[in-house]
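Chemist: Chain B: place on chain A using the hints.
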Amino acid sequence: MRAKVHVFLKPGVLDVQGKAVEQALHGLGWDGVSQVRVGKTIEFDLKAGDAAAAEAEVKAMCEKLLANTVIESYRVELA
Amino acid sequence: MKAAVIVFPGSNCDRDCKVAIERSTGASVEMVWHGETWLPDGLDLIVLPGGFSYGDYLRCGAMASLSPVMTEVKAAAERGIATVGICNGFQVLCEMGLLPGALLRNEKLKYVCKAVDLEVTNSQTRFTAGYQGRRQATMTVGNGEGNFFADEATLDRLEGEGQVVFRYLNNPNGSARDIAGIINPKGNVLGLMPHPDRAFEPELGSADGAILFQSALASA
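Read top to bottom, the protein sequences are chains A and B. Read in the numbering used here, the first sequence has 52 at position 52, and its numbers run on one by one without any break. Read in the numbering used here, the second sequence has 1135 at position 135, and its numbers run on one by one without any break.
Calculated directly from the structure, the hints in this document are not laboratory data. Keep in mind that a hint or two might mislead.
[Stated by the list, open to error] In silico DSS-like cross-links for lysine-lysine, where the CA-CA straight-line distance does not exceed 27 Å:
1) B/LYS1002 - B/LYS1186
2) B/LYS1186 - A/LYS19
3) B/LYS1074 - A/LYS19
4) B/LYS1108 - A/LYS10
5) A/LYS19 - B/LYS1108
6) B/LYS1110 - A/LYS10
7) A/LYS40 - A/LYS10
8) A/LYS64 - B/LYS1186
9) B/LYS1108 - A/LYS40
10) A/LYS19 - A/LYS47
11) B/LYS1110 - A/LYS40
12) A/LYS59 - B/LYS1074
13) A/LYS40 - A/LYS64
A quick note: this is a predicted structure, and the numbers were derived from the prediction, not measured.
Chain A with its partners taken away, still in its complex shape (with noise of 0.2 Å):
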């Protein structure tokens, strides 16, 4: 099974580097360009018995290391 996670800065909590890339993309005369959030994917490989163990898994991981939830959400994806 092939896990993705997605890392994201949780809104409300500044993402200066999407505020950057944001003011960049107005430059290039992208104006109508707004609320640009920078994360990260992690993929990976996964031995699991079944769909609802490996999710289980993978959530444990993004509690224990993949992400910091004091500051970041994540999404996982299995497929």
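Modeler: Same frame as chain A, but now just chain B:
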């Protein structure tokens, strides 16, 4: 008096801390590799030094907080042993949950490396008792992710309980409420972004950092 400095792969202020503590207090300082599963006996102070542990991969301090020796550090901190995290060490303490909040990317996206003037907000702690009567201290900062963040309720609690120990007089990185250093409720775990280890004798521009190490070891 005995102190330990934890050395992670990528720490770069570990030896600065050792020299700073030795010269300012006369304590013996042991360097402890992060992969160890023990700490020396009879420690009076544990220091998590500055640097870029694990190359700042994933998040600053995230991997270091899970290093084998950190189980022992956590247990020692919970037993009440004085523990201070400086810069990357502060990030590690937050990642471990020994201190609340987190350190975000600096507001202006710049790595800030300069001397900063600090307010000694709480001089009643075991780390700051020596600043008694002095309301200011000067140390240097060197960080790209030193922007302290916590939710409003946590910030209110930190301020209300006297857990804000140092504040920036001219906030260099966007830290919430100008916070430069905080302490846990029990008063034995301190985290700060400025480097006392780079300000321990006048030749370095300031000797104010020495007072922190002297205070921390005064009760030993």
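Chemist: Now tell me if each hint is right for this structure.
Modeler: Against the structure, the hints come out as follows:
no. : hint                  : verdict
1   : B/LYS1002 - B/LYS1186 : 21 Å, holds
2   : B/LYS1186 - A/LYS19   : 38 Å, violated
3   : B/LYS1074 - A/LYS19   : 36 Å, violated
4   : B/LYS1108 - A/LYS10   : 19 Å, holds
5   : A/LYS19 - B/LYS1108   : 10 Å, holds
6   : B/LYS1110 - A/LYS10   : 22 Å, holds
7   : A/LYS40 - A/LYS10     : 13 Å, holds
8   : A/LYS64 - B/LYS1186   : 25 Å, holds
9   : B/LYS1108 - A/LYS40   : 20 Å, holds
10  : A/LYS19 - A/LYS47     : 38 Å, violated
11  : B/LYS1110 - A/LYS40   : 20 Å, holds
12  : A/LYS59 - B/LYS1074   : 24 Å, holds
13  : A/LYS40 - A/LYS64     : 17 Å, holds
In terms of the numbered hints stated before, the structure departs from hints 2, 3 and 10, listed from lowest to highest.
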